[in-house]
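Visitor: Now for the letters of each chain:
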Amino acid sequence: MSKTIYLDHAATTPLAPEVFEVMKPWMTQECWNPGGFYAGGFATKEALGRARETVAEILGCMPGEIIFTSGGSESDNLALRGVMNARPGEKHHMITSSIEHHAILHTAEDLARDGHEISILQVEKDGRVSLENLKKAIRENTKLVSIMMANNEIGTIQPIKEIAEFLQETGKKIFLHTDAVQGGVHLDCNVEKMGVDLLSLSGHKFYGPRGMGALFVKSGTPLRPQITGGGQEYNRRAGTENIAGIIGFAKALQLASEHRKSEAIRLSQLRDHAIERIQKEIKHVQLNGSHEHRLPNNINFSFWGVEGEGILLKLDERGICASTGSACTSADLDASHVILATGQGHGWAHGSIRFTLGKATTKELLDKAIDELKEIIAYLRSISPVPPNPPGSN
Amino acid sequence: MHDTHNEKQRWLYSATVKDHFFHPRNAIREGEEFIPDGEGLVGSPACGDEMKVMIQIDSDSDRIKACRWSTFGCASAIASTSMLSVMITENEGMKIDDALKLRPQHILDRLGGLPDRKVHCSVLGDEALRGAITDYFKKTEQINRIPAPPTTKIICACKQVTDADIEDAVLEGATTLDLMMKKTGAGTGCGTCIGDVEELIEKTKEKYFSGNNE
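Chain order of the listed sequences is A and B.
Letter by letter, the first sequence follows residues 1 to 394 in the working numbering.
Letter by letter, the second sequence follows residues 1001 to 1214 in the working numbering.
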C-alpha cells in the first residue's frame, strides 16, 4: 500500500516538528513549577508569561484574558458553566444552536438540569444561524449566547460579528461565547473585531499538542472556576501549569496565524476543485453545508444509497482516512445531529463523508482520494437494494 | 474489570467479518440476471440498514439452490448477509424447513461474533430470508407452509411492554434493569414484573453476547 492520505484534519492534526522542538526542553531539562521561589521557577514563570503574550497578541486581547485549559471541551465547559453559574443560586437563560459540538450541547443540557433555561436555535439548510431566529429567542433573563465560529462537520461559518453587533444593540449585557476550535484554525480570530466575550481554542487542531486548549475571557466577564485549588490562571483554573503544553500551544498558534492567509487560499482552491469533481463525477450526491460560508478545508458530501461506515472501511483499506456522520461509527449509534439539523433525512445522513484538508494535502493526493471514492461508491451502490434515485429526484 | 469492559466496547471486527465485507459472497452483480423463486426485503435507508434476499429453490429436494442479495448498511450488515447466503447454499443447499429456523445468533456464531452494539442493526438477513421463503410459498401456492408471525408476550402489563420489546432494547444497549426501565418503561408501574424483566435481560444477553467478546 502506498502512503496514507490523511483527510481528517478536523479530527486532529500531527504535532508540528517546530512545535515539538520548543516543547522539548520544558519536558526534559527545565522541569520547574512556575510557582517555585527560585531561579528555575522564575524562569518558568517568565516563559509561561511569554506564551500567554503570544496567544493574547494573536487574539487581540490582554494576556490576563487568556486561560489555558486542557482542550476545547474544557474551554467550552468553563465558558458555559462559568458564566451561567457565576453567582450561586441564580438561574438564567442561554441560547445556542442545534449544530454545536457536543461539548456545548451536552453542557447546555446539564445546565438545564440545574434549572437554567436553554434555547436551541434551529439552523438554515446551509447550517447558518439566522439573526431573525436569534432575535426571537432573546428573553428578559438571557445571559449567554454560545454560537460556534465554524462547524466541525460541515464547515459552515457563522455570522459571529453580526451576532455580536445585534447583542450590543439590545442594550442588555448578554455575553457572547464562540467555540473557535475549528474556525480559529483557518479564520482570523481577533476577539475585538469579532466582538466576543469568550472564545474557545484547542491546540491539536492546529498542529499543536493534544490536551491543550485556551479560553479567552474578556475582562469584566463574571466567571466561576470549574476547577478549584491553587491560584493558577488568575484563580480561574487551578492546577500546576502544563508548561511544555502551553509553550507548544502558543508556538503552534503563532505558526497557524503566520500561514493563515496563504494556507486558506491554497486549501479553498483544493476544496473547490474537489467539490466540483465530486458533483460532476458522482451522481446523486448532496453537498452538506454552505457554498459561500464554508471553512477552506471542509468537504462534506452525502451519497445516496450507501452507508458511511462501509465507505470509510473501504477508504481505509486504500490508505485514506476520512470521517462520516453515519450512525454506525458513532458511540451512541445516532446519525450526525449536524446533518439532521440541516434538514436532511437519516437516509442522507447515513451516507455522509467528510474530507478535511490540511498542511499535508496536495492536489495529487486529493485527486487520488476522489478517484478511489468514486470506485467505492459505485461498488457499494451496486450491492445496495436502495433505488439509485433519492426521493424527489428524477 | 476495566479491560474487559474495554474489550467489549472495542471497535473491532473479526477476521471473518472483514473477509466477508471485503469479499462478499453471492452479492448480486451489476447487470447479472437472477430470476428468484422468492424475494424478501427488510429495513429502510432511514434506519441505516436495508437488505434484500433472493433465492432459487429446487422444488424436488425442497432445498435452496442459489441465493443473491443486496445490502445497504455498514460493514457488519454486508458481512452478515454474505455469511447468511453461504450458510443457506452450502452442502447442496439448506432445506427450507431448516432455513426457516435460522436466527441471528446462528449467523453471529459463524461470523465469530460482532461488537455488541452492532448486533441489532446488522443482523436482519434471517428476516429477509423468511420473507423470501414466504414469497416463494405464496407463488407456489403452499399457503399452509407460510410461517406464523413471531408471537410476543406481554411482560410488563402496566406499561404494555412485550418480550420482543425487551429483547430489542437489550440489543440497543439497555443491558441493565435501570437502563431497561428508562428505555421501555418496563417494571416502572406496579413493579411485579421486575424479576421477569431481569431474567429476560440476562437470557437475551446470553443468547446474543456470550462468547463474542472474550
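Be careful, since some hints might not be right.
Stretch-level coverage of chain A by chain B, calculated; a stretch enters the list once three of its residues show a Cβ under 8 angstroms from a Cβ in chain B [as the list claims (entries may be wrong)]: (1) 336-347; (2) 379-387.
Derived CB-CB ranges, DEER-like [to be verified]: (3) A:368 x B:1195: 56 to 62 angstroms; (4) B:1106 x A:28: 55 to 61 angstroms; (5) B:1047 x A:137: 30 to 36 angstroms; (6) A:28 x B:1047: 52 to 58 angstroms; (7) B:1189 x A:224: 48 to 54 angstroms; (8) A:168 x B:1152: 55 to 61 angstroms; (9) B:1110 x A:162: 54 to 60 angstroms.
Just so you know, the hints here were simulated from the structure itself, not pulled from any lab data.
We put the CB at the ideal spot given by N, CA and C, even for glycine.
Visitor: Decide, hint by hint, whether the structure agrees.
Guide: Hints versus structure:
Counting residues of the stretch 336-347 of chain A whose C-beta lies closer than 8 angstroms to any C-beta of chain B gives 3; at least three are required, and the coverage claim holds. Counting residues of the stretch 379-387 of chain A whose C-beta sits closer than 8 angstroms to any C-beta of chain B gives 5, which meets the bar of three, so the coverage hint holds. Taking the beta carbon of each, residue 368 of chain A and residue 1195 of chain B are about 60 angstroms apart, inside 56 to 62 angstroms as hinted. Between residue 1106 of chain B and residue 28 of chain A the C-beta distance comes to about 57 angstroms, which sits within the given range of 55 to 61 angstroms.
For residue 1047 of chain B and residue 137 of chain A, the hinted distance range of 30 to 36 angstroms is satisfied, since their beta carbons lie about 33 angstroms from each other. About 53 angstroms separates the C-beta atoms of residue 28 of chain A and residue 1047 of chain B, a value consistent with the hinted range of 52 to 58 angstroms. The hint said 48 to 54 angstroms for the Cβ distance between residue 1189 of chain B and residue 224 of chain A, and at roughly 42 angstroms that hint is violated. Hint check: residue 168 of chain A to residue 1152 of chain B, Cβ distance near 60 angstroms, so the stated range 55 to 61 angstroms holds.
Between residue 1110 of chain B and residue 162 of chain A the Cβ separation comes to about 58 angstroms, which falls inside the hinted range of 54 to 60 angstroms.
This entry does not satisfy hint 7, going by the numbered hints stated previously; all others are met.
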